[in-house]
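Trainee: Here is how the chains run, residue by residue.
There are 2 protein chains.
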Amino acid sequence: MSNRAFNFCAGPAALPEAVLQRAQAELLDWNGKGLSVMEMSHRSDDYTAIAVKAEQDLRDLLSVPANYKVLFLQGGASQQFAEIPLNLLPEGASADYIDTGIWSRKAVEEARRYGKVNIAASAKPYDYFAIPPQSEWQLDAKAAYVHYASNETIGGLEFNWIPETGDVPLVVDMSSDILSRPLDVSKFGLIYAGAQKNIGPSGLVVVVVREDLLGRARSVCPTMLDYKIAADNGSMYNTPATFSWYLSGLVFEWLKEQGGVAAMEQRNRAKKDRLYGFIDASGLYSNPITGEARSWMNVPFRLADERLDKDFLAGADARGLLNLKGHRSVGGMRASIYNALGLDAIEALVGYMAEFEKERG
Amino acid sequence: MSNRAFNFCAGPAALPEAVLQRAQAELLDWNGKGLSVMEMSHRSDDYTAIAVKAEQDLRDLLSVPANYKVLFLQGGASQQFAEIPLNLLPEGASADYIDTGIWSRKAVEEARRYGKVNIAASAKPYDYFAIPPQSEWQLDAKAAYVHYASNETIGGLEFNWIPETGDVPLVVDMSSDILSRPLDVSKFGLIYAGAQKNIGPSGLVVVVVREDLLGRARSVCPTMLDYKIAADNGSMYNTPATFSWYLSGLVFEWLKEQGGVAAMEQRNRAKKDRLYGFIDASGLYSNPITGEARSWMNVPFRLADERLDKDFLAGADARGLLNLKGHRSVGGMRASIYNALGLDAIEALVGYMAEFEKERG
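In order, the protein sequence lines correspond to chains H and Z. Quick note on UniProt numbering: the first sequence kicks off at 1 and runs consecutively. Quick note on UniProt numbering: the second sequence kicks off at 1 and runs consecutively.
It should be emphasised that the hints constitute simulated quantities derived from the structure, not laboratory data. Heads up, some of the hints might be wrong.
Note: identical chains are not told apart, hence a pair may lie in one copy or across any two.
What the hints assert, rightly or not - Below 30 Å or equal to it, Euclidean Cα-Cα: the simulated DSS-like pairs (lysine-lysine) are: (1) 272 x 33; (2) 358 x 106; (3) 358 x 53; (4) 33 x 310; (5) 310 x 272; (6) 228 x 358; (7) 256 x 106; (8) 228 x 33; (9) 124 x 106; (10) 358 x 187; (11) 142 x 53.
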């Protein structure tokens, strides 16, 4: 029997147990070579094979077209907030940003340091409970790019559609929903995702970028932040985060074994239907997000009486249902239910929520 | 019996076996909490305790004065090459750089993108086999800082003294020799070190910076590269490389158990004396570096007939003596003998070298 808890952390998040077991078995001696992956030169044949396979598996999972580069970088999504304008926003130009919550606004703040930002649409009039339809967006046909966050990890607001931006490159922060369902990569100029939710350990950020967008970095862009330099060097201009890259590769292998992103979509749909369904039917719990914009990955919810929050969390902890506390900026609860969590985790959570409601609701 | 090889890789480098064993034991279930360190929120109490202890242990090991911040960042030393001028070189100002090899020249190239660089001294006239004495340096009293690399990982050239720069802040790339012996941190304005040699896994860079140097970042400096932002947020402005930080903490614990950097100095002195002593006494092997500038950490050596290189490396591999091939830019051999390698590794290497010389020399 495993003594593993159900971990609803928003990130760094739960990893598949099978992946951790394999990493554990290989930790001191990878493939009988007498050393850990952590101890391999990133330029060795063994490590190169690990890195190349990880990239290929990710390409397979997302059907990444041949004219896109896949980069394994450092600094997380927050570093991308600067890296994107430094690479894609020419001096004096303007970019369109869509505001759907805390993370997309952080991207706006950083981009403003490098040029003009046009907030082409905002969820603010909807109290961040719904995503403004594209018919309401004020897109600039001359924008250098359009940026949005496909899933707001804190607010629990997710796009279930892809914006149409014509010839203007579409840039998306997909940190918390990449690989959760099939994706048409060809709609995007650039996709980026911090690893620590649906990919692997923190300290890694994956960037999928269309080749024609490379080679435009500003003169002030640090060499390490220049996408073209990274692409030309196979993400090894310097030593990459080798162990995180390897572990992400194990997650990609696991995803393929599970049936890929189509299978994940089925499983994630069942998970979110069960949890939102229970919340909507209950008298104690509520989630404010408009139906079609409800996140499949991050489910914030409140108790009707917030004085019960502490007991709710203590009881959850005691049952091995961890990290259900909402983000400090919004309070309440949040269950993050990424790929690594199965329906058993949802059943355990719903079971506890029902029991708590019966006793204290 | 362990089937671990002796790994002489320059980086990512060997880690102490005891550290890997502990990480392995804890990989799926840290302290009975039912989750991996990789799966912990970086803001949780458990992870905060891990992070704080790692910092404190590093402070203890290096006797870091209270007016210095210790930062755990991403992007490696190569990102620091930009981060340093972006934080410490005002527009229009000049910085002094010391050229002792490939890594210090890479730092120069990147700094030139942000301002004036004065090469105050170079090892070039010495064919990079010796370090120019400070009496020959042309320091600029108005320089924003003086930068040098205390150990050139590729050339095998190491400072065994600390430059005197008066009121001008001294900045050092200590990636490959930090923690190898005691250090007077108070002599420095800023010390940085990529983790993957003497600290932990790649994907982490440690920066020790004097507080009065914070808050000077240029307007174009990405938020994620601003030392003050990192310091004000305890290196958690965004999600840090949590697992690398944790594993580095295990290395710091291990170092303390071994007797700290004073014990490491003794051990490293014995290791390098044995290896250089053997090389100097042999008829087949040679190292070109002037005695007092020979690196304690990276020992490049050549065979008298380079046609023997391939057989030498194949025989070494067969005996579990891994990664002895020199850097592609210089050829020959290189034995990197960081803290994690004991005298037993040196004896195994010297034993093989003697045997090979007897048979083929």
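Trainee: Are there hints from earlier that the structure breaks, and if so, what are their numbers?
Mentor: Those not satisfied are hints 2, 3, 6, 7, 8, 10 and 11.
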